[in-house]
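Protein chains: 2
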Amino acid sequence: MDFKVLAHDKQTKARCGEIRIANHRIPTPVFMPVGTQGTVKTLTPLHLKEVNTKIILCNAYHLCLRPGEQVIKRVGGLHKFIGWDGAIITDSGGYQVFSLAKLTKVSDNGVEFQSPIDGTKLFLTPERMTQIQNDIGADIIMAFDECVPYPCEQDRASVAVKRTLSWAERCLNTHKNKQQILFGIVQGSVFRELRIECARNLVEMGFDGYAIGGLSVGEGAFLMNEVLEYTGNYLPQDKPRYLMGVGFPGDILDAIEQGIDMFDCVVPTRNGRNGCAFTSTGKVKILNNQYKEDLKPLDEMCNCYTCQNFTKSYLRHLFLANEILGLTLMSLHNIYYFQNLMQQARESIRKGEFKDFKANFLGRQSQ
Amino acid sequence: MDFKVLAHDKQTKARCGEIRIANHRIPTPVFMPVGTQGTVKTLTPLHLKEVNTKIILCNAYHLCLRPGEQVIKRVGGLHKFIGWDGAIITDSGGYQVFSLAKLTKVSDNGVEFQSPIDGTKLFLTPERMTQIQNDIGADIIMAFDECVPYPCEQDRASVAVKRTLSWAERCLNTHKNKQQILFGIVQGSVFRELRIECARNLVEMGFDGYAIGGLSVGEGAFLMNEVLEYTGNYLPQDKPRYLMGVGFPGDILDAIEQGIDMFDCVVPTRNGRNGCAFTSTGKVKILNNQYKEDLKPLDEMCNCYTCQNFTKSYLRHLFLANEILGLTLMSLHNIYYFQNLMQQARESIRKGEFKDFKANFLGRQSQ
Numbered sequence: 001m002d003f004k005v006l007a008h009d010k011q012t013k014a015r016c017g018e019i020r021i022a023n024h025r026i027p028t029p030v031f032m033p034v035g036t037q038g039t040v041k042t043l044t045p046l047h048l049k050e051v052n053t054k055i056i057l058c059n060a061y062h063l064c065l066r067p068g069e070q071v072i073k074r075v076g077g078l079h080k081f082i083g084w085d086g087a088i089i090t091d092s093g094g095y096q097v098f099s100l101a102k103l104t105k106v107s108d109n110g111v112e113f114q115s116p117i118d119g120t121k122l123f124l125t126p127e128r129m130t131q132i133q134n135d136i137g138a139d140i141i142m143a144f145d146e147c148v149p150y151p152c153e154q155d156r157a158s159v160a161v162k163r164t165l166s167w168a169e170r171c172l173n174t175h176k177n178k179q180q181i182l183f184g185i186v187q188g189s190v191f192r193e194l195r196i197e198c199a200r201n202l203v204e205m206g207f208d209g210y211a212i213g214g215l216s217v218g219e220g221a222f223l224m225n226e227v228l229e230y231t232g233n234y235l236p237q238d239k240p241r242y243l244m245g246v247g248f249p250g251d252i253l254d255a256i257e258q259g260i261d262m263f264d265c266v267v268p269t270r271n272g273r274n275g276c277a278f279t280s281t282g283k284v285k286i287l288n289n290q291y292k293e294d295l296k297p298l299d300e301m302c303n304c305y306t307c308q309n310f311t312k313s314y315l316r317h318l319f320l321a322n323e324i325l326g327l328t329l330m331s332l333h334n335i336y337y338f339q340n341l342m343q344q345a346r347e348s349i350r351k352g353e354f355k356d357f358k359a360n361f362l363g364r365q366s367q
Numbered sequence: 001m002d003f004k005v006l007a008h009d010k011q012t013k014a015r016c017g018e019i020r021i022a023n024h025r026i027p028t029p030v031f032m033p034v035g036t037q038g039t040v041k042t043l044t045p046l047h048l049k050e051v052n053t054k055i056i057l058c059n060a061y062h063l064c065l066r067p068g069e070q071v072i073k074r075v076g077g078l079h080k081f082i083g084w085d086g087a088i089i090t091d092s093g094g095y096q097v098f099s100l101a102k103l104t105k106v107s108d109n110g111v112e113f114q115s116p117i118d119g120t121k122l123f124l125t126p127e128r129m130t131q132i133q134n135d136i137g138a139d140i141i142m143a144f145d146e147c148v149p150y151p152c153e154q155d156r157a158s159v160a161v162k163r164t165l166s167w168a169e170r171c172l173n174t175h176k177n178k179q180q181i182l183f184g185i186v187q188g189s190v191f192r193e194l195r196i197e198c199a200r201n202l203v204e205m206g207f208d209g210y211a212i213g214g215l216s217v218g219e220g221a222f223l224m225n226e227v228l229e230y231t232g233n234y235l236p237q238d239k240p241r242y243l244m245g246v247g248f249p250g251d252i253l254d255a256i257e258q259g260i261d262m263f264d265c266v267v268p269t270r271n272g273r274n275g276c277a278f279t280s281t282g283k284v285k286i287l288n289n290q291y292k293e294d295l296k297p298l299d300e301m302c303n304c305y306t307c308q309n310f311t312k313s314y315l316r317h318l319f320l321a322n323e324i325l326g327l328t329l330m331s332l333h334n335i336y337y338f339q340n341l342m343q344q345a346r347e348s349i350r351k352g353e354f355k356d357f358k359a360n361f362l363g364r365q366s367q
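Protein chains in written order, with the UniProt record's numbering: chain A, 1 to 367; chain B, 1 to 367.
Derived by calculation from the structure, the hints in this document are not laboratory data. Be aware that a few hints might be false.
Remember, identical chains collapse to one label, so a pair may be satisfied in a single copy or spanning two.
[As the list claims (entries may be wrong)] Under the rule of at most 16 Å between Cα atoms (straight-line distance), these lysine to aspartate or glutamate pairs were calculated in the EDC-like manner:
no.	residue 1	residue 2
1	Lys292	Glu69
2	Lys176	Glu127
3	Lys73	Glu293
4	Lys239	Asp208
Given the structure is predicted, the values throughout are model-derived calculations rather than measurements.
Produce the entire structure from the sequences given, and follow the hints as far as they go.
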């Protein structure tokens, strides 16, 4: 793996770079569509390539429950299994263990929980989640961390940070597949000293990249930006920084301004399936009656397959008729929108004009 | 419109030809995927082209209920509305009025029924269904007919034939959009004299093509082939013949042998969505446990996008995980399979070897 920062913005901490891993070259800041179960919902790998996707995020927790990491290993790894020759990052699933599973019991050793698929009792440890991710074979894998909900008492958050650090070390020690790089995850809720303690210790252990987890869980934009600002000061400049699970376009631009390089979020696909499109002039809720005979595309400025070929009138009809094609076309458009936004952000950073770009973007959205 | 028979098989009535209409050239025998509501379920128009689809079937009854023929007319016609620049045929929806609607009342004048969408009372006449199809603007439109269920008393079938003939004449007299061609529909259940009476009278009226309706409704392969055989003798050689709603590959080959040129059926897409793939060695039910770690494509002989890029193991995973991509990939494969079957059938007819082709096909399927 090689990460180079190629340009710094003049007025902000925004930076533009490239991650090279295996045969992949990933320009940063990068948006990674979410393919939890090994598919970015409703889209083929060809669709993803057409909308300039270089890397997708899959979820090791979901994939170890189904189809099981051994199946994926035996068929030759995740890229081969899902037919995607771009890059892949797997989340360890710390977040999912705490948010989705029933009857979760956490100890310093690991997490005991009941499979939401068949009720089986399972025990996940940092060692096991690292081995699972080694077997699954993504290009970038994540340490197993403890996520706390928001709001959270400082004592509770402190226990989770200590556990996250101890687990991070155990992940590092277990990580065997050297074709993969391993990222540590900074936790600490919205507490400055906890975030800094966590960041400092992870950096001392020496990871290939650093993620900031446990944000965008209800703390709001102000607190999130504050955490990003002070946490960023304790992360090395020469490693990629990944803000997990964020977010809406405005949140992403805020975080780019704080020096974040990598993003993932279900928003473009989930909102697409719910009939909501992101456009250069704001959101379009396709079921609105005003689009009944609207001959224009979702976004007249957009070059995606959906906007080049279909009207809002037709998309609305597909949603009213419960036709799957509507979900596909809206998801495709939204992913294109996010990838296009990132490309414009990178260009503006190279030109040293990120602040203007962001202000213009926010201005257009509020029209 | 121009229809030319380009080759006759040596041993059977099978024939190979071409329908030219507007800028479309449609080689026959042709399979027309079903896009009832203006979308072949789960597939983009680009997908349809990639699997060699030249013409799709939409349904005027469904489209007049939603979004309404006026919306489609105002946006510039069905091709433009659905983003499909291939050919389109619309069924008048006679079949749907009788099979789907509640509280249907049929009189010589037309059909009164309740909309299954919002309960509105509607009255459809041959004049109205022709005008709706003129407005929707497909390349080929169908007369409005009365369908009877199977089994059916001869007296009841006879009344329906008389009505179908009177309605056919009213459709001919109403049909104004001369860029479209109009097909008559032969009814008569499984009664030889009724089918012959219906065919003779329709031919006398002079349609651009002739459909055989009211089959594949439970009468079985033997009776269906019998009807096709004697009905075919009363249809002109120089007009296309369309067997509506058929069918499985074996049924289609039987009908091609009887001189049928056009087919439509939901089988490839519906079975695809239900996890059943057609392959050169028989059906594959993708949920079967035997495919859990199967690294092979659905069909090793197949060149479709699904078979070139994905394993049975992955497709099974997508179905178990309720992922829409599974429905799309299976539908795409099945449509490719049907289009490929038709292309092979056409080739075998040109070589005068259709009988051998069909025998080989059936032999492979039963392996």
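Evaluation of the provided hints:
In this assembly of identical chains, Lys292 and Glu69 lie within 16 Å of each other by CA distance solely across copies; the values are 12 Å between and 46 Å within a copy. Taking identical chains as interchangeable, the C-alpha atoms of Lys176 and Glu127 lie at most 16 Å apart only when both belong to the same chain, with a minimum of 11 Å there against 74 Å between chains. For a Cα distance limit of 16 Å, the shortest separation of Lys73 from Glu293 across copies, 10 Å, qualifies, whereas the shortest one inside one copy, 50 Å, does not. Taking the closest pair of Cα atoms, Lys239 and Asp208 come within 16 Å of each other only inside a single copy of the chain (6 Å); across copies the shortest separation is 70 Å, beyond that limit.
Consistency with the previously given hints is maintained throughout, with no hint failing.
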